[in-house]
Amino acid sequence: VQRHPVIALLTDFGEDDFFVASLKGVIVSINPEARVIDITHRIPSYEISVGSFILRAVYKYFPEKTIFLVIVDPGVGSSRRILLMKSKKHYFIAPDNGVLSGVLVQEQDVAIREITNTKYFLSDTSRTFEGRDKMAPAASWLSLDIPIEEFGPKTIQVKRAVEYETEFDGNEISGRILYEDKFGNLITNLSGDIVEEFLSKSKDNRFIIRAGNTEVLSFLSSYSDVEKGNFLCLIGSLGLLEIAVREGSAAKKLKMKTGDKIIIRRKV
Amino acid sequence: VQRHPVIALLTDFGEDDFFVASLKGVIVSINPEARVIDITHRIPSYEISVGSFILRAVYKYFPEKTIFLVIVDPGVGSSRRILLMKSKKHYFIAPDNGVLSGVLVQEQDVAIREITNTKYFLSDTSRTFEGRDKMAPAASWLSLDIPIEEFGPKTIQVKRAVEYETEFDGNEISGRILYEDKFGNLITNLSGDIVEEFLSKSKDNRFIIRAGNTEVLSFLSSYSDVEKGNFLCLIGSLGLLEIAVREGSAAKKLKMKTGDKIIIRRKV
Amino acid sequence: VQRHPVIALLTDFGEDDFFVASLKGVIVSINPEARVIDITHRIPSYEISVGSFILRAVYKYFPEKTIFLVIVDPGVGSSRRILLMKSKKHYFIAPDNGVLSGVLVQEQDVAIREITNTKYFLSDTSRTFEGRDKMAPAASWLSLDIPIEEFGPKTIQVKRAVEYETEFDGNEISGRILYEDKFGNLITNLSGDIVEEFLSKSKDNRFIIRAGNTEVLSFLSSYSDVEKGNFLCLIGSLGLLEIAVREGSAAKKLKMKTGDKIIIRRKV
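Protein chains in written order, with our numbering: chain A, 40 to 307; chain B, 40 to 307; chain C, 40 to 307.
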């Protein structure tokens with residue numbers, strides 16, 4: 040049995056209510072050694088794609104064998120399944136609604152079970168709070184080294200969200216804004232590798248990045264490379280193209296939001 | 040001495056300030072083994088009844104011997120007492136202002152002490168932050184298995200909040216909204232047992248639930264049993280009647296709030 | 040090696056994003072025994088002085104050897120240094136931007152290192168999230184009892200914020216509002232000792248405290264000493280003069296904010 044198994048929580052439950060504390064109580068009742076870490080509980084209600092993005096952004100930084108309990112679950116109580124996914128290094132428990140898509144893009148080699156074994160549920164299960172009654176207890180039992188085969192049958196087909204793709208059009212590539220962070224930085228789906236490869240073929244490294252009606256001219260590597268209040272683009276800490284304003288909000292200044300288009304045109 | 044004694048915090052301190060961290064620092068200074076779990080710190084300032092509701096909603100899910108430190112304390116620094124209550128499975132430390140009412144409704148067999156022994160306080164105690172200076176240290180000492188008799192004299196009379204009662208009127212019962220959760224679900228004081236017993240005597244299981252000016256027609260068991268945006272009633276995860284809108288806010292749609300009346304009329 | 044080394048986090052990262060969870064994942068990956076405690080992540084973006092105030096308010100309540108990881112870092116990615124400071128009882132890791140000023144006012148005997156040894160960083164370091172890539176791993180290695188000399192060269196000169204000073208003018212002293220807490224209490228920079236010494240020389244203990252255009256007449260020791268809704272002054276839990284309204288917001292009622300002036304005039 041592990042000494043300090045980590046169970047990391049990612050939900051849309053907010054922090055005002057009894058939801059998150061119920062999960063934690065259930066977890067430490069089953070395994071007092073479990074170490075519960077909050078990722079965030081502030082996923083906007085029912086926003087599966089935001090949950091998927093945040094999970095993808097953090098999971099690699101967690102120790103081997105960490106169990107991620109991911110509850111963004113608009114279909115609670117319906118026939119949607121509850122999944123237990125094992126990747127090379129981690130475990131994930133989540134409803135089958137696409138919230139694991141961000142991880143599935145990164146992890147090829149996964150084993151997936153549908154959690155059906157009522158032995159690992161609370162004895163009374165509600166149909167409105169399966170996080171507390173089914174998913175949290177399953178996560179805690181899993182942290183006690185119960186083999187994944189015990190939780191239910193193997194499954195292969197799972198729901199995946201439609202992900203934005205990078206579009207290539209001659210000397211232009213375009214992507215979308217995936218996420219606006221707390222500082223107003225706009226994180227796109229354009230990976231640093233693709234952007235750098237694309238720009239390496241521009242003439243004298245000249246290019247234009249168009250975000251809404253604004254041309255963001257400087258492509259730099261740190262916020263502090265421009266003056267306060269100025270725009271810049273950079274490959275951010277997630278390896279993705281970000282549009283930022285030093286000590287300001289690019290989201291507010293550009294009036295842009297998730298899903299909006301970003302275009303890079305190279306000069307040749 | 041317990042290996043991982045759980046101290047669960049429930050306060051109206053918010054998360055911006057130095058309050059909560061001070062509690063945690065004090066607790067782990069006295070007992071480095073203590074495991075601090077946040078229930079919530081977002082009880083609206085001074086709202087004893089909300090604190091009582093949340094505590095009641097979660098405490099049963101915590102392990103035996105959990106110590107609940109409940110600080111919603113508009114009378115801080117006054118002569119209001121600080122209580123240590125032992126129920127069959129748990130401990131509670133709180134001001135004597137009714138915040139333990141929700142637990143007292145559920146737990147008949149309790150022993151209560153007034154915490155007065157300065158040995159278990161910080162050496163300097165302020166009159167404005169007794170949570171840090173008296174309650175947190177007492178909780179942490181208690182987690183080191185100090186017997187409750189040590190903390191101060193026995194007491195019997197404690198303050199209880201006035202609770203809403205279910206009203207019966209022939210073929211009508213009525214209750215009140217106790218709580219609006221993050222998703223806009225309206226949780227009432229009507230227990231599932233009472234509602235089901237009452238409805239079992241209706242003709243052909245026909246009835247009307249009136250919330251404000253709206254008749255909520257469907258009585259179901261899961262949000263997913265109706266289409267997105269539709270109303271439903273159900274017995275929720277706390278065993279209480281809830282009014283909900285699938286993937287929407289019943290509170291907003293009905294313009295109802297805590298204390299408002301809900302009426303169920305059965306057809307006979 | 041310590042059994043439960045405490046690493047306390049204080050940042051302006053908010054709770055919505057992937058930032059804080061990344062820090063925690065990195066920390067427990069390096070030292071599974073580390074106990075991570077959140078102070079707050081709700082320092083307003085880039086507000087070094089607020090971070091400094093909160094740190095000063097809480098650090099003394101934490102156990103010996105606690106490592107404070109303080110990330111309010113508008114200069115991330117620039118040449119600003121990352122500091123490791125050892126005081127008599129605690130450790131602090133923070134950017135060199137003045138955020139440790141509040142501690143430095145209290146702690147004379149400190150040893151400071153600049154963290155430069157890449158051995159204690161993640162192998163890939165971004166220039167936009169040095170909290171995750173440099174500071175969090177350094178904190179976690181430090182919790183494994185790596186000597187501070189290992190992290191980088193000794194340094195003496197560090198940035199300090201300009202602190203407000205108490206102004207003396209005959210029978211008047213004045214100070215400034217440092218902080219507005221969640222309850223609307225206005226915490227000033229006037230220390231209890233100075234105020235009490237000053238007032239001890241007034242005639243019959245008569246004086247006026249002027250906050251904006253309002254005279255706050257009562258100087259008491261607990262919120263509960265006045266009726267609900269009334270003003271009072273007191274020496275609060277941080278040993279500083281506070282202006283409060285019982286169960287109300289002094290900040291709102293006085294329309295005052297951080298930096299505004301408070302004057303005490305004694306009658307002689």
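The set of hints was computed from the structure by calculation and includes no laboratory data. Predicted model only: the values in this text are computed from it and were never measured. Please note that the accuracy of each hint is not assured.
One copy or two, it doesn't matter: identical chains are merged, so the pair holds either way.
[Unchecked claim] Simulated pairs of lysine-lysine, DSS-like, Cα-Cα distance not exceeding 30 Å:
1. 240 / 158
2. 267 / 198
3. 158 / 193
4. 99 / 198
5. 306 / 221
6. 296 / 99
7. 267 / 127
8. 158 / 104
| message | For residue 267 and residue 198, with the copy left unspecified, which applies at a CA distance of at most 30 Å: within, between, both, or neither? | response | between (43 Å within a copy, 20 Å between copies)
| Intra/inter-copy verdict for residue 158 and residue 104 if alpha-carbon distance must be at most 30 Å | both (22 Å within a copy, 25 Å between copies)
| task | Could you place residue 267 and residue 127 in one of the four classes (within, between, both, neither) given a Cα distance threshold of 30 Å? | result | The answer is neither: 42 Å in one copy and 37 Å across copies each exceed 30 Å.
| request: First find the shortest C-alpha distance between residue 240 and residue 158 inside one copy, then the shortest across copies, and answer within, between, both or neither for a cut-off of 30 Å. | output: Neither. Shortest intra-copy (59 Å) and inter-copy (35 Å) distances fail the 30 Å Cα cut-off.
| task | Classify it for me, residue 306 with residue 221: is the Cα-Cα distance of at most 30 Å met within a copy, between copies, both or neither? | result | Answer is neither; intra-copy 33 Å and inter-copy 50 Å both fail.
| Checking residue 99 and residue 198: alpha-carbon separation at most 30 Å within a copy, between copies, both or neither? | within (22 Å within a copy, 35 Å between copies)
| request: At 30 Å max between alpha carbons, let me know whether residue 158 reaches residue 193 within a copy, between copies, both or neither. | output: Only inside one copy: residue 158 and residue 193 sit 17 Å apart there, 42 Å across copies, limit 30 Å.
| said: Checking an output row: residue 296 and residue 99, CA cutoff 30 Å. Within, between, both or neither? | reply: within (26 Å within a copy, 42 Å between copies)
Checked against the numbered hints above, the structure breaks hints 1, 5, 7 and satisfies the rest.
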